[in-house]
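Sequence lines, in order, name chains A and B.
Residue 1 is where the first sequence starts when you use the working numbering, and the numbers rise one by one after that.
Residue 1 is where the second sequence starts when you use the working numbering, and the numbers rise one by one after that.
Hints in this document: simulated from the structure, not taken from any laboratory.
Nothing false has been slipped in among the hints.
Listed below are the simulated DSSO-like cross-link pairs for lysine-lysine, each with C-alpha atoms no more than 27 angstroms apart in a straight line: (1) A:64 / A:7; (2) A:220 / A:101; (3) A:220 / B:60; (4) B:55 / A:220; (5) A:11 / A:64; (6) B:115 / A:220; (7) A:101 / B:55; (8) A:96 / B:115; (9) B:53 / B:63; (10) A:96 / B:55; (11) A:187 / A:220; (12) A:96 / B:63; (13) B:53 / A:220; (14) B:115 / A:187; (15) A:58 / A:11; (16) B:60 / A:96; (17) A:101 / B:53; (18) B:53 / A:96; (19) B:63 / A:220.
Computed from a predicted structure; not experimentally measured.
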Amino acid sequence: MIDIIVKIFTKNGLVAAFLLIAIIMMVSYAFAEFIKQKRMGSAIAIVVGLALAFVAGKITGGSKGLADISLFSGVGLMGGAMLRDYAIISTAYGVKFENLKKAGIPGVVSLFFGVTFSFVVGGLIAFALGYKDPVDIATIGAGAVTFIVGPVTGTALGASSEVIALSIAAGVVKSVLTMIITPFVAKRIGLDNPTSAMVYGGMIGTTSGVAGGLAATDPKLVPYGAMTATFYTGLGSLLCPSIGFVIVRALLG
Amino acid sequence: MEIFGLGIVAGCMFIGVIIGNLLGQVLGVNGDVGGVGFAMLLLVVLSNYRTSKGKPLSEKTEKGILLLSALYIPIVVAMSSIQNVVAAFSGGAVAFLAGGVATVGAISLVPVISKLTAGSEKKKAA
Chain A
1 MIDIIVKIFT KNGLVAAFLL IAIIMMVSYA FAEFIKQKRM GSAIAIVVGL
51 ALAFVAGKIT GGSKGLADIS LFSGVGLMGG AMLRDYAIIS TAYGVKFENL
101 KKAGIPGVVS LFFGVTFSFV VGGLIAFALG YKDPVDIATI GAGAVTFIVG
151 PVTGTALGAS SEVIALSIAA GVVKSVLTMI ITPFVAKRIG LDNPTSAMVY
201 GGMIGTTSGV AGGLAATDPK LVPYGAMTAT FYTGLGSLLC PSIGFVIVRA
251 LLG
Chain B
1 MEIFGLGIVA GCMFIGVIIG NLLGQVLGVN GDVGGVGFAM LLLVVLSNYR
51 TSKGKPLSEK TEKGILLLSA LYIPIVVAMS SIQNVVAAFS GGAVAFLAGG
101 VATVGAISLV PVISKLTAGS EKKKAA
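Using the sequences and the accompanying hints, generate a full structural model.
Laid out in structure tokens, this is it:
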């Protein structure tokens with residue numbers, strides 16, 4: 001009996017994922033209503049998702065959360081980059097061109113500032129905690145940019161796999177933390193209009209974090225934040241292993 | 001038809017990602033630089049153009065696009081459930097501090113940058 005059920009769920013992975021996510025969201029929205037915080041529904045659902053990913057990771061020892069459990073392997077497809085990007089693009093429908101133009105300059109400024117800021121902060125912390133090799137410092141700094149820029153930089157500079165793993169972890173911390181804290185601080189940082197959403201996307205840059213954080217805050221802002229965030233990893237992959245590393249090496253003599 | 005909406009978004013995605021990959025190649029970065037961003041821009045330009053010409057997309061086509069955007073939050077929930085959260089918690093102090101301080105710092109700088117650039121634009125207008 002159980003075998004048959006597992007087999008059917010695995011065979012119809014994507015449909016099983018729709019069912020699972022629907023249940024998670026139903027429970028989360030019901031809970032949000034119960035605590036009289038209706039707007040927190042998606043934020044709670046995201047936290048539930050992260051919690052399940054943590055439990056699954058502990059059980060399986062894998063790196064893909066729930067997707068490592070064969071019964072739920074379909075969430076890997078549903079939450080993977082392909083459908084994520086497809087859905088993100090669709091949110092741009094209905095965006096007014098004037099709003100984008102208005103936020104164009106702040107968006108570009110925040111991109112450069114955001115990448116530089118995260119790289120410098122990550123590098124300084126690595127240095128403060130005892131890393132003295134410019135390659136290690138640049139790789140960990142790049143990890144604080146995003147969990148893709150970290151390994152890209154580390155590989156380009158020939159960092160050890162241990163340091164590359166650390167850089168990925170730093171990027172994942174950033175992404176997870178962004179999803180969790182954004183809805184709570186949104187009001188305080190004025191995250192309620194297209195311009196600030198574009199600045200936010202450019203400052204944080206981790207696509208999954210920005211996407212999750214904005215979805216939990218106000219779905220209307222998603223396209224603006226996602227638009228700048230999507231350039232962030234590319235810009236980081238460009239700057240960190242080149243100019244970033246050269247500056248770190250020059251500073252350390 | 002609804003499928004036209006799904007097709008339009010898919011078309012934008014491929015054009016955008018191809019541009020992103022070409023840009024990556026030109027810049028010497030392995031991979032995609034802003035592909036999704038270009039795709040979004042394309043969709044914005046397309047829909048704004050049609051509206052300005054007085055020929056907006058048909059209601060059914062629009063429904064296809066709206067279905068996708070409605071799926072966006074569930075997809076994000078699915079995405080959060082496949083993150084390597086264990087690694088994030090076990091990366092040690094370096095990973096936690098580097099990622100954490102960068103996040104909190106960057107978030108708290110959002111209003112500063114918004115104000116700064118908004119101020120400079122107002123000056124330009126004046």
